[in-house]
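Asker: Protein chains in written order, with the numbering used here: chain A, 1 to 77; chain B, 1 to 77; chain C, 1 to 356; chain D, 1 to 356; chain E, 1 to 252; chain F, 1 to 252; chain G, 1 to 178; chain H, 1 to 178.
Hints are computed from structural coordinates only; laboratory data are not their basis.
Heads up, some of the hints might be wrong.
Said to hold, decoys possible - Straight line, CA to CA, 25 Å or less: simulated DSS-like cross-link-like pairs of lysine-lysine:
| id | chain 1 | residue 1 | chain 2 | residue 2 |
| --- | --- | --- | --- | --- |
| 1 | D | Lys-317 | D | Lys-227 |
| 2 | E | Lys-3 | A | Lys-3 |
| 3 | F | Lys-3 | B | Lys-50 |
| 4 | F | Lys-224 | H | Lys-168 |
| 5 | E | Lys-144 | G | Lys-81 |
| 6 | C | Lys-317 | D | Lys-236 |
| 7 | D | Lys-41 | C | Lys-290 |
| 8 | D | Lys-272 | G | Lys-88 |
| 9 | E | Lys-224 | A | Lys-29 |
| 10 | H | Lys-155 | H | Lys-168 |
| 11 | C | Lys-348 | D | Lys-236 |
| 12 | E | Lys-144 | C | Lys-206 |
| 13 | H | Lys-153 | B | Lys-38 |
| 14 | G | Lys-85 | C | Lys-221 |
| 15 | D | Lys-41 | E | Lys-144 |
| 16 | F | Lys-3 | B | Lys-73 |
| 17 | G | Lys-155 | E | Lys-144 |
| 18 | A | Lys-50 | A | Lys-73 |
| 19 | A | Lys-38 | G | Lys-100 |
| 20 | E | Lys-3 | A | Lys-50 |
| 21 | G | Lys-100 | C | Lys-221 |
| 22 | H | Lys-155 | B | Lys-38 |
| 23 | H | Lys-155 | F | Lys-144 |
| 24 | F | Lys-201 | E | Lys-154 |
| 25 | G | Lys-126 | E | Lys-224 |
| 26 | C | Lys-229 | D | Lys-227 |
To be verified - Here are some chain G residues the structure puts well away from chain D; computed CB gaps all over 10 Å:
| id | residue |
| --- | --- |
| 27 | Tyr-25 |
| 28 | Ala-27 |
| 29 | Asp-31 |
| 30 | Phe-37 |
| 31 | Glu-57 |
| 32 | Val-60 |
| 33 | Val-64 |
| 34 | Gln-83 |
| 35 | Asp-117 |
| 36 | Glu-172 |
Idealized CB from N, CA, C, for every residue including glycine.
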Amino acid sequence: MAKGQIFIETDRCKGCALCTFYCPVHILKLDDTQTNAKGYTPMVTFDPDKCIACGFCAIMCPDSVITVERFIKEAQK
Amino acid sequence: MAKGQIFIETDRCKGCALCTFYCPVHILKLDDTQTNAKGYTPMVTFDPDKCIACGFCAIMCPDSVITVERFIKEAQK
Amino acid sequence: MAKVLMKGNEAMALAAIKAGCDAFYGYPITPQNELPEYLSKHMALNGRVFVQSESEVAAINMVYGAAGAGARALTSSSSPGIALKQEGISYMAGAELPGVIINVMRGGPGLGGIQPSQGDYKQITRGGGNGDYYLYSLAPESLQEAVDLIKESFDIADYFRNPVMIAVDGLIGQMMEPVTFDNETPKWELEPKTWAADGDRSNREKNVINSLYLDPLMLEKHNLKLKAKYDVMRDKHQRYEMINVKDAEIVIVAYGSMARIARTSIEILEEKGIKCGMIRPITIFPFPDKAFRELQDSVKNILVVEMSTGQMLEDVKIANECERPIHFYGRVGGIVPEAEEVVSQVLKIIGGEDNA
Amino acid sequence: MAKVLMKGNEAMALAAIKAGCDAFYGYPITPQNELPEYLSKHMALNGRVFVQSESEVAAINMVYGAAGAGARALTSSSSPGIALKQEGISYMAGAELPGVIINVMRGGPGLGGIQPSQGDYKQITRGGGNGDYYLYSLAPESLQEAVDLIKESFDIADYFRNPVMIAVDGLIGQMMEPVTFDNETPKWELEPKTWAADGDRSNREKNVINSLYLDPLMLEKHNLKLKAKYDVMRDKHQRYEMINVKDAEIVIVAYGSMARIARTSIEILEEKGIKCGMIRPITIFPFPDKAFRELQDSVKNILVVEMSTGQMLEDVKIANECERPIHFYGRVGGIVPEAEEVVSQVLKIIGGEDNA
Amino acid sequence: MPKSKIVYERSEGLSLMDNSYCPGCTHGIIHKLVAESLVELELLERTIGISSVGCSALNYDFFSCDMQQAPHGRAPAVATGIKRVRPNSIIFTYQGDGDLASIGIAEAIHAAHRSENITIVFVNNAIYGMTGGQMSPTTLLGQKTTTSPDGRTKAQGLPLRIAEMMATIPGATYVERVSVHNPQHVAKAKKALKKAFSIQKENKGFTLIEFISTCPVNWGMTPKDAVDWAVDNMIPYYPLGVFKDATVGEEK
Amino acid sequence: MPKSKIVYERSEGLSLMDNSYCPGCTHGIIHKLVAESLVELELLERTIGISSVGCSALNYDFFSCDMQQAPHGRAPAVATGIKRVRPNSIIFTYQGDGDLASIGIAEAIHAAHRSENITIVFVNNAIYGMTGGQMSPTTLLGQKTTTSPDGRTKAQGLPLRIAEMMATIPGATYVERVSVHNPQHVAKAKKALKKAFSIQKENKGFTLIEFISTCPVNWGMTPKDAVDWAVDNMIPYYPLGVFKDATVGEEK
Amino acid sequence: MINEKVIIAGFGGQGVMLMGQLLSYAATDKDLNTLWFPSYGPETRGGTANCSVTISETTVNSPVISTPDSIIIMNKPSLDKFQPKLKKGGHLFLNSSLVKDVVVREDVNVYNIEANDIAKRLGNIKVANMVILGAYLAVTKVFTEDEVLEILKQKFTGAKAKLIDINKKALEAGRLAI
Amino acid sequence: MINEKVIIAGFGGQGVMLMGQLLSYAATDKDLNTLWFPSYGPETRGGTANCSVTISETTVNSPVISTPDSIIIMNKPSLDKFQPKLKKGGHLFLNSSLVKDVVVREDVNVYNIEANDIAKRLGNIKVANMVILGAYLAVTKVFTEDEVLEILKQKFTGAKAKLIDINKKALEAGRLAI
Ligand SMILES: Cc1ncc(C[n+]2csc(CCOP(=O)(O)OP(=O)(O)O)c2C)c(N)n1
Ligand SMILES: Cc1ncc(C[n+]2csc(CCOP(=O)(O)OP(=O)(O)O)c2C)c(N)n1
Ligand code: SF4
Ligand code: SF4
Ligand code: SF4
Ligand code: SF4
Ligand code: SF4
Ligand code: SF4
Ligand SMILES: [Mg+2]
Ligand SMILES: [Mg+2]
């Protein structure tokens, strides 16, 4: 069960892939089937349930593309 | 008997008095009865026989006014 | 208040304080040193800012910064120091920032000398920096006029959102004359500086001070806006004095302390029965070409007199519109001509010896 | 040798090497970066000096130093960078040092933009620095002409002992055209640089490079000597091209890449049966006023076209001597006008719609 | 009761406009830190940022505070001009290595010399990014650039260590070098920046934070390789740490 | 057989023209040292000196070697320009504290950064002499000048220590601070200068000798009092000594 | 008599500048007059870019092309910008992999080339530019494919030499895509 | 009607600038127009210096004085420079302590004042300038000694106040030396 989730503003992603290297659970990659509004290959998460909401991806994203939400424990119960 | 002597280009002296403070035998002073071509009160030596040709006065003169000559011992004998 | 005897540089400094100058940033250079020296004492006393900057380049950029934050900022320097400020001045004009620059000119080019000169006319009026911009440039001939114009200059700069240059020479910087600081000077109608990036966003959106426009269409638009401003200066804000021009047979064109010397020449000529007038530009940008339209038919010759090899000459040629022969007399390099030299030049022209 | 296709900045760099340039000192700025980049590789290969200086101010002073030591030195930059060099340029002129400065102009004022512009005409021809000096200023319209002029420019600089400015714009810097480096270019008769302070005193007294003259009489003498030099430039070394002026009813005045665009305008007008000529200044200082004396009576109007708000306009006004109405068309801020814009301006003038 | 909380979102210190940096350029990360620090310290409303000339020249559009664009290298002088007339404002300059270490070294040193109450954000990517990759004073020996095509040699100078040099200036209050090559260092870098802004807030003088940054495009690397290159090559020559802290011991 | 020998005479490295310094100004002593060092090392004939802007602006007339007068602060750039095209020449710049530490700090740092083979003679008299006594970056705290009329305060900055700062620059080879307040120190100063010129002769890079100097006129003191004031006030803040010697250990 | 004016436009990174340069190099090789001129959009990074190439037997004057004979369009914004300028009866080469569902002028010849897709099929998306260039050459006959390949051989030396083959294939594929 | 033009010249350090300023201050006090203008020789240090002072009831135009009514000469080089300019019938005040055995014009009034010697006798060589100024005032009557002393009192405050007395004596001594 995911501890949280990330929201990706796909059209603002520059496809730099930086975030993908810092995700401790390796659930991020560039999706080369897509081209976004800016002409870039955007990042996607392919296994969102593994997300631990550590925020590393977002911290390393130079373009503030990612928002990270942590599920609150009480709510999860 | 003097160990040497100094030559003062009086008209190039600016009367700053610096040299006078560094003479170990205190034989230099400004001569306020004179005004040189530049309008300054020039330095004179008032007891030349005491000169030990140490060169300090010349070394400290910012205007290269002083030439120092040392008498050679053999010649003195 | 009675008049006080002051040195030009100090009087200009005090005038700036009276004008509400908030901050001075400058770097020492002869012959304007008494100006920053005076301010180093008096700005603080008046709760204002005085910074001796590390260089002229830094000084103009400090002015650029302070002006961007909405303050009334001043710098002063002399010819080579003004050359160093050119990039910064261009930025100020580009970002539409007010500010006052005092240039106490000395002989050039290069290190040149430290005696009075008018060798920066081109540098001042043609913009030594890059791009299409101009400085509103005032050239007083006396300490009183310098004081009055400086008092007004901060308003002018704010009004146009453009730097104002006060162009004087070492003579005016170094001389002493009695002056009063009480003359009424024109007050310009000024709008609040809502554009200033002053770090107080309690009431507004963010402000940006900038001269960069990567889109050429935007940059063109911006340039045309600036041009419109300079056109207003040219159309409505030329300043000049017509001296003794009525029925004159010859008219001198001279500015600043050169004009002052020429006044004496005119007196001497009067004694000799020669009617000589003068157009005295007070603004050197915009150049007062309107003055030339006012000349009567009696005027047969124009004599331009400068402490340079003839820098204003081109402006006179354009303004004259080929109406009258133009003659030139100039001294350079720090030589201040005597009134008699100008007189004999006039006599030569009238005697037909000097053909333009 | 066959022609090679090169980018303007690189072609200019190679031309300098061919001209025997000993040393380049410069600081990066768009749109001239390919020039130093090319030299960073090729100067060393040719046993010459390449230094990327810490700033434009340092660069021009390195040139000043190298030139004082008798070397052929080059620097290049673009508009705001040229503004920073003004003090150094004034020193070079003041100390009578040769040297070549390439200005690949961009839009201004301030940081402006990076697209082509002719907004530095004033800065170049009126001397952005202090004092009475001028730069011999060449404005090529094509890469071939740029190459040929640069090859000659070092000679010109040495001949006059004065800096030479190569005034191009981003268009010429960035475009590619086939060029040859084998054209014969004029060789000037040069004297050995016995005045150089090159640290080789085996055969002579000490040499001094200097622009400081504390005695105003000496400084005046020096200024008059410089003036005489500029007068020779004006009298004997104006360069220009008269294009299609025979029987023309209107004549365009344009320089550099603007002239090149105007050539196309002239072709289009020709097709429409309108005879339009052009005066193309190759030297912008000295301004080729002689060209205007050559115009026939057929010419009824003059149209000045610039990539600025009208900086050359003043020179044209002076040169025209009120002979013909002068019209102006300009684009600014990095906008490169199309030939058709100029055409329609001409049509307007001929149709009486644009009154000067 | 809320089911979740936002642990990371775009800082309101950033404007709505996208930055213009190349993909993966760490300029973007540093921008976020500046924005976040100002917001967290509640200084944003009274901040004036000074854009310099470099890839960050346009960042007057990216921050949501007041901004002034400065001529190349002169940001510290512009900052001085402003701070002296608006002493209540918080001023930062944002300068690259070409801007600060080359053309602008005099202005940086003298702002420190006068102990101006400003914060310099110094972004060292060992190259002139904006103009297409020329050598800068911090370009490493052996590093290839468009003006050191065969790799920088000693003849072109030994790279300048700015933090070390600025630390020798008596007027400087706080000087630290940080890196943003992983989330842990990003956190440290932010701490440094917040310390600098806090010092400024308390009028304690001049602060400079040097950031080791990347230029994937002109280094000719992917963003991740660029980050790794910076760790392997830059940090050994430009060690991280506090080089001067004149506030230490002051509190007593 | 000669009866006497000359133990001190005017150096032939000086021209026949009298210097223009005020009476008792130690600029004159430093000039003599430069001239004597070049003569003794037999470098005079191939030397080019760079005059800067300050009281020494006119010293192109006082030395007997080739000279070039440089714009204010730019002497190290002028020197670089020359040295690169005339690598066999010996180049010194002669710069005051206003010239070098204020307007020209960038050029000085970058000449060191590039390890230019030149020698900077830096004459620190803690004031702008030529322009009539304004504050300089090396003016001491409390010192009165025409632009710090009530004595320099911290608000005007903490005085810059140039030798210390230049010593941190990787490209600098030799940096020493000396004084000329008595014959013994004059001798030491000359040794330092000769060392610097020797390093240059061997193409070993950048050398800078900082001289503690006086300005009796603008300090408002007699020449001797000025020398004493320098000893009592300047040397404590500007300690004498070698701050960097990259030639050490090299010989092995 | 050759007198060709072409504008090539797309995103930075699509190789539009190189395409234009190849044409100018080929022209120079044949001793024709030519002029290549680049233009970058206002965005410093990742913006649009285009170049203008004139090839002529007579002198080339204005570097600015007001009415191109052909335009090669690699992305959507470029189509919007340059389509209106194209000469009546001129050629429009469209990278239809990226520019889809667009209205085009009816008084010009339009060639839809799936340049990106074809390049991908060839194994290197980067040669999309050469694909469309192949089409351009095939239609305008300004130069032969061999003439352009000759230039590539001069430019791609050393490690890059291995790229010549795929470029050749790309040119061919473009020709065949007409 | 007062219209006095005087040039005061000597070595730097002889107080020539101050002399001129005193006259201008006195003029300002009396609401006259006045202009003081300094000039330093080409030597930076220890060179010659002079100032021009105009005092007038009408506007002062040219700051440059071509034909002075009076000249006050404190050293030899200044005599050579300014003597030729002096108005016919004008006054020449000569510091004859320093300027000896010189040829002077015969169409002017010459006043030899042993200013240095008198000042030394008064106990302070520095007041030589006030001695010669005293002579100048006595002859030209531009201002009274009291008017000048009044200015000195305004300027010499605090520690300097004690100098007023010797200056007063110097002015008197100058007057008596005529
Ligand atoms: C006076 C001046 N000189 C040069 C330039 C050109 N220029 C623009 S950015 C830049 C270098 C920027 O490099 P850096 O400061 O390292 O910033 P980066 O782009 O690497 O972040 C230069 C030299 C300019 N705009 N103005
Ligand atoms: C560009 C420029 N700015 C300012 C000056 C004026 N100036 C001449 S000398 C000087 C200061 C010199 O001081 P310093 O270098 O300490 O030398 P010193 O006279 O004390 O020996 C200044 C500011 C100038 N000539 N040029
Ligand atoms: S928040 Fe952490 S776990 Fe979730 S995607 Fe980002 S880096 Fe991976
Ligand atoms: S770091 Fe940001 S811009 Fe880069 S790929 Fe990830 S989400 Fe996209
Ligand atoms: S040489 Fe020595 S002893 Fe002789 S006068 Fe000079 S200082 Fe005195
Ligand atoms: S030091 Fe030199 S100038 Fe000074 S008093 Fe002595 S001899 Fe004269
Ligand atoms: S050029 Fe380099 S520093 Fe500039 S935005 Fe691109 S990657 Fe970043
Ligand atoms: S002003 Fe000072 S530094 Fe200059 S010469 Fe005089 S005493 Fe020496
Ligand atoms: Mg960088
Ligand atoms: Mg000094």
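Asker: So, for every hint listed, does it hold in this structure?
Answerer: Hint check:
{"no.": "1", "hint": "Lys-317(D) with Lys-227(D)", "result": "holds (22 Å)"}
{"no.": "2", "hint": "Lys-3(E) with Lys-3(A)", "result": "holds (11 Å)"}
{"no.": "3", "hint": "Lys-3(F) with Lys-50(B)", "result": "holds (18 Å)"}
{"no.": "4", "hint": "Lys-224(F) with Lys-168(H)", "result": "violated (33 Å)"}
{"no.": "5", "hint": "Lys-144(E) with Lys-81(G)", "result": "violated (38 Å)"}
{"no.": "6", "hint": "Lys-317(C) with Lys-236(D)", "result": "holds (22 Å)"}
{"no.": "7", "hint": "Lys-41(D) with Lys-290(C)", "result": "violated (56 Å)"}
{"no.": "8", "hint": "Lys-272(D) with Lys-88(G)", "result": "holds (19 Å)"}
{"no.": "9", "hint": "Lys-224(E) with Lys-29(A)", "result": "holds (13 Å)"}
{"no.": "10", "hint": "Lys-155(H) with Lys-168(H)", "result": "holds (14 Å)"}
{"no.": "11", "hint": "Lys-348(C) with Lys-236(D)", "result": "violated (29 Å)"}
{"no.": "12", "hint": "Lys-144(E) with Lys-206(C)", "result": "violated (40 Å)"}
{"no.": "13", "hint": "Lys-153(H) with Lys-38(B)", "result": "violated (34 Å)"}
{"no.": "14", "hint": "Lys-85(G) with Lys-221(C)", "result": "holds (23 Å)"}
{"no.": "15", "hint": "Lys-41(D) with Lys-144(E)", "result": "holds (12 Å)"}
{"no.": "16", "hint": "Lys-3(F) with Lys-73(B)", "result": "holds (8 Å)"}
{"no.": "17", "hint": "Lys-155(G) with Lys-144(E)", "result": "holds (21 Å)"}
{"no.": "18", "hint": "Lys-50(A) with Lys-73(A)", "result": "holds (16 Å)"}
{"no.": "19", "hint": "Lys-38(A) with Lys-100(G)", "result": "holds (16 Å)"}
{"no.": "20", "hint": "Lys-3(E) with Lys-50(A)", "result": "holds (18 Å)"}
{"no.": "21", "hint": "Lys-100(G) with Lys-221(C)", "result": "violated (34 Å)"}
{"no.": "22", "hint": "Lys-155(H) with Lys-38(B)", "result": "violated (31 Å)"}
{"no.": "23", "hint": "Lys-155(H) with Lys-144(F)", "result": "holds (21 Å)"}
{"no.": "24", "hint": "Lys-201(F) with Lys-154(E)", "result": "holds (18 Å)"}
{"no.": "25", "hint": "Lys-126(G) with Lys-224(E)", "result": "holds (21 Å)"}
{"no.": "26", "hint": "Lys-229(C) with Lys-227(D)", "result": "violated (35 Å)"}
{"no.": "27", "hint": "Tyr-25", "result": "violated (5 Å)"}
{"no.": "28", "hint": "Ala-27", "result": "violated (8 Å)"}
{"no.": "29", "hint": "Asp-31", "result": "violated (7 Å)"}
{"no.": "30", "hint": "Phe-37", "result": "violated (4 Å)"}
{"no.": "31", "hint": "Glu-57", "result": "holds (13 Å)"}
{"no.": "32", "hint": "Val-60", "result": "violated (7 Å)"}
{"no.": "33", "hint": "Val-64", "result": "violated (5 Å)"}
{"no.": "34", "hint": "Gln-83", "result": "holds (17 Å)"}
{"no.": "35", "hint": "Asp-117", "result": "holds (31 Å)"}
{"no.": "36", "hint": "Glu-172", "result": "holds (25 Å)"}
The structure shown violates the earlier hints numbered 4, 5, 7, 11, 12, 13, 21, 22, 26, 27, 28, 29, 30, 32 and 33.
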